[in-house]
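Given the coordinates of chain A, assemble chain B onto it according to the supplied hints.
Number of protein chains: 2
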Amino acid sequence: MTIQSFIPPRRILMGPGPSDISPQVLQALSRPTVGHLDPLFVGMMDELKQLLKYAFQTENEFTIAVSAPGSAGMEACFVNLIEAGDKVIVCRNGVFGERMRENVIRAGGEAIVIDDEWGCPVSVDKVEQALIDNPETKIVAFVHAETSTGAVSDAKAIGALAKQHNALTIVDAVTSLGGVPLKVDEWQLDAVYSGSQKCLSCVPGLAPLTFSKQAIEKIQSRTTPVQSWFLDQSLVLGYWSGEGKRSYHHTAPVNSLYALHESLLILQNEGLENAWQRHQAMHEKLKLGLEKLGFEFVVDEAYRLPQLNAVYVPQGIDEAKVRSHLLETYNLEVGAGLGALAGKAWRIGLMGYGAKEENVALCLRALEESLTQ
Amino acid sequence: MTIQSFIPPRRILMGPGPSDISPQVLQALSRPTVGHLDPLFVGMMDELKQLLKYAFQTENEFTIAVSAPGSAGMEACFVNLIEAGDKVIVCRNGVFGERMRENVIRAGGEAIVIDDEWGCPVSVDKVEQALIDNPETKIVAFVHAETSTGAVSDAKAIGALAKQHNALTIVDAVTSLGGVPLKVDEWQLDAVYSGSQKCLSCVPGLAPLTFSKQAIEKIQSRTTPVQSWFLDQSLVLGYWSGEGKRSYHHTAPVNSLYALHESLLILQNEGLENAWQRHQAMHEKLKLGLEKLGFEFVVDEAYRLPQLNAVYVPQGIDEAKVRSHLLETYNLEVGAGLGALAGKAWRIGLMGYGAKEENVALCLRALEESLTQ
Chain A
7 MTIQSFIPPR
17 RILMGPGPSD
27 ISPQVLQALS
37 RPTVGHLDPL
47 FVGMMDELKQ
57 LLKYAFQTEN
67 EFTIAVSAPG
77 SAGMEACFVN
87 LIEAGDKVIV
97 CRNGVFGERM
107 RENVIRAGGE
117 AIVIDDEWGC
127 PVSVDKVEQA
137 LIDNPETKIV
147 AFVHAETSTG
157 AVSDAKAIGA
167 LAKQHNALTI
177 VDAVTSLGGV
187 PLKVDEWQLD
197 AVYSGSQKCL
207 SCVPGLAPLT
217 FSKQAIEKIQ
227 SRTTPVQSWF
237 LDQSLVLGYW
247 SGEGKRSYHH
257 TAPVNSLYAL
267 HESLLILQNE
277 GLENAWQRHQ
287 AMHEKLKLGL
297 EKLGFEFVVD
307 EAYRLPQLNA
317 VYVPQGIDEA
327 KVRSHLLETY
337 NLEVGAGLGA
347 LAGKAWRIGL
357 MGYGAKEENV
367 ALCLRALEES
377 LTQ
Chain B
7 MTIQSFIPPR
17 RILMGPGPSD
27 ISPQVLQALS
37 RPTVGHLDPL
47 FVGMMDELKQ
57 LLKYAFQTEN
67 EFTIAVSAPG
77 SAGMEACFVN
87 LIEAGDKVIV
97 CRNGVFGERM
107 RENVIRAGGE
117 AIVIDDEWGC
127 PVSVDKVEQA
137 LIDNPETKIV
147 AFVHAETSTG
157 AVSDAKAIGA
167 LAKQHNALTI
177 VDAVTSLGGV
187 PLKVDEWQLD
197 AVYSGSQKCL
207 SCVPGLAPLT
217 FSKQAIEKIQ
227 SRTTPVQSWF
237 LDQSLVLGYW
247 SGEGKRSYHH
257 TAPVNSLYAL
267 HESLLILQNE
277 GLENAWQRHQ
287 AMHEKLKLGL
297 EKLGFEFVVD
307 EAYRLPQLNA
317 VYVPQGIDEA
327 KVRSHLLETY
337 NLEVGAGLGA
347 LAGKAWRIGL
357 MGYGAKEENV
367 ALCLRALEES
377 LTQ
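Chains as they are written, first to last, in the working numbering: chain A, 7 to 379; chain B, 7 to 379.
Next comes chain A alone, as it looks inside the complex (with noise of 0.2 Å):
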C-alpha cells in the first residue's frame, strides 16, 4: 500500500461532535509554531484565560485548557478533587453520567448513584434526598448537557443544594459551553470542564477546565498525592500562572491553543448572549422542518439543548444506510445515537459556528431526499 498525503473532503459536521470550524480558526491553527515557553507565547495564554474566563463567566483565577480531550478534562476534575474514600454523589441521566461514575471508582471515590431516564433530565429532588440522606457528601456530580440525549439539567439549582450541604460540584460542560447559558460564578460552581469541538467550534484536543476556590482548597488540604502525574492540576499551575517564572510541566500543544484562542475571540466578538440566542434560533428552525417530515424529539421540548436536537429514526428506516448516504451524497454528517439510544435515534448537532441557516436548510432538504428515495 503506498500512502499518500490525506486529502480529507470539505464535510458540513451536524454531529455531536466535531462540530464545523471557521476558516479563521482553521487559519489559526496552521500559523508558525513558537516554543512553549516563549515569551509571546505565555502572553497568548494570559489572553487565553481572560478569554475562556468570559465564556465561563468566571473569575476563577484558575482557568485553562488542559491539553487533551473533554474526557482527559473529567478526569482531570475527578482524579485531583476526590480522596480515597470520599463519597460522590453522581447524577446518571445517560453515557456520560456513567463515565462519571467509571471515574470516580478508579479515583478510589465511593459512588451515590442517582439515575434518571434518558432524556429526561437530572432529578434536583432526587439530588436533595441524596444529599440530605448522605451528609457526608464530598461532591455532586453531574452533567449540564447530555451529548448522548440532548438533555439538559438544571446546573444552577444543583449548584445552589450542594453549596447548602457543603459540597462541591463537578459540572460537565462539554456540550453546554457557549451554546446554552452557563454561569460559573453566579451558579456557585467549582469544577467545571469542557471540550474546544463543540459550541466553541474549534478543533478537537483540548478541555477548557476551571476551578473555584473552594475545589482548589479541596485539592491544596489533599493528604495523598493525586494519582495522576500528567492531570496533577497542582503542578499544571506552575506553568499556566501569570505570577513569576513559568515552570515546565509538558510541552502545551502550541498550535490548537492558537486556534482555541482564535474560537473564543470569535466568541468574545459576537458576544455570548447572541451566540446563546442564534443557538436557539437555529434550533426552533431546525424543529419545525423536522416536525412537519414527521419527526419525534427524544427530549422534552422544556429541557431540549438546542445545540443536540435528538430524534427517534423513523419505523423501518436502515439508520446507518440513510447516515452514509447522508455522508456520501451530501457531504453531511448526522451522529448516530449512542449507548441506550443506539440505532434508535439521531443526533443533529448545531454547534458554534454549525448553527447556522444553510446548515439548517441543507439538513432538513437532505434529510427529506433522503428518507423520500
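Some hints here could point you the wrong way.
Said to hold, decoys possible - Some chain B residues near chain A, calculated using beta-carbon distances under 10 Å:
no.	residue
1	11
2	30
3	50
4	82
5	89
6	114
7	237
8	240
As the list claims (entries may be wrong) - FRET-style restraints, in silico, Cβ to Cβ:
no.	chain 1	residue 1	chain 2	residue 2	range
9	B	121	A	15	36 to 46 Å
10	B	140	A	230	25 to 35 Å
11	A	141	B	49	53 to 63 Å
12	B	10	A	191	25 to 35 Å
13	A	299	B	52	53 to 63 Å
To be verified - Here are some chain B residues the structure puts well away from chain A; computed CB gaps all over 12 Å:
no.	residue
14	12
15	31
16	35
17	52
18	116
19	163
20	170
21	212
22	246
23	293
24	339
25	346
26	370
Source of the hints: derived by calculation from the structure; they are not laboratory data.
Note that the coordinates shown come from a computational prediction; the quantities given were computed from them, not determined experimentally.
Glycine included, every Cβ here is placed at the ideal spot set by N, Cα and C.
Relative to the frame of chain A, chain B by itself:
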C-alpha cells in the same frame, strides 16, 4: 485589554522541542476537520498505524498515538502495565528518569532507583546487578534519549537484559524516535512512547505509543482496573482497532492526527536510515563550529545525541540574556538547561525538519555575534 488574533512570528526552533515544522505539515494540520468516526478518517488512522510501525521498526499490532502530549504517553505505559506492589527498576540519569519514578509511585508500584550522573548514559552493569538483586522485578524503565542532557543509553543491551530476567521494559523514546536508531522489535522493547514535536517535526500534543505482545498480555492479565479511564489502553484499543466496528472512546484530535500522518509520510519518504544520517551529519557540522567557539559538551562523544546538543554556558555570560537576544534579534530559539543543568547549559536541538544546513549556519553565526558583542 482588547484581544486581537494571535499572529506569531516565524521562529527558528533549535531548542529541545517543539522543533521546526515543515510548511507541508502545517498545511495538513489546517485541512477541513472531519468526524472522528468518518470512514475516510478511519482509513487515515489505519495508514497512520502503518507509518508509526515503520518509524518504531515494529510489527506490534498495538501501535497508536495517544491523544495528548508525551508525558501522557509516559503515564499510559505506567498506569497500564503496573499493578499495586509491582517492582519497577527505574534508571535515573536526568529529568525524565525522575518523572518515571514519580509515575511508578503514583501508579502504586515500588520503584527501585538506579542513579547515574547527569550527562552519562544508564549503566548497563547496574541494571544487570539490580535485576540479579531483585529477581521479582516486573519492569525495567529507562529513557533512551535524555532530553535534559542529550545522552543516549544502550536500549538494545537493556532490552536484552530485561528479557533474560523475565522483565518488561518501558522506554522513553520521546527525543530518539526518528533521530537516532530505535528498533523496537529487534531490541525486544515492550512499551515505548514518544512525542510528536521532536524528531518527527509535528505539532506538539500527540504521543506515539507501541506495546509488544507481552505488554498486552500483562495488561490483559490485570486483576484491578487501570486507574486512569482516559489512558486505559484496553478501552482505547476499541477505537484504534481495525477489526469490525470502531467504538467511541473519546473524540480524537482529528487535525493533529492529519499533521502526524503527514510528518510520518515525510519520514518514510526520506527513509529512516537517511534521517538518522542527516541528524548525525548536521550534528558533526554544529559540533565543529561550537568547538571553534570554545564550547564544551555536557555529554561524552560516545553517548552524545546528534539531535540534542547540551553545551556548558561560557563563564561570565548571563545565559538568559543571551537566549533572549537570540530570540529577539534572530528569531532563534535555543533551549535553557533543565533541572541540575538549569543556568549552566544550553540545549541546542537539531530535530527533524530543523536538522538542516541553514539552521546550523544561523545558529553558529548568531551565537558568535552574541557572545562577542
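Exercise. Out of the numbered hints, which ones does the structure contradict?
Worked result: 5, 8, 9, 13, 14, 15, 16, 17, 21, 24
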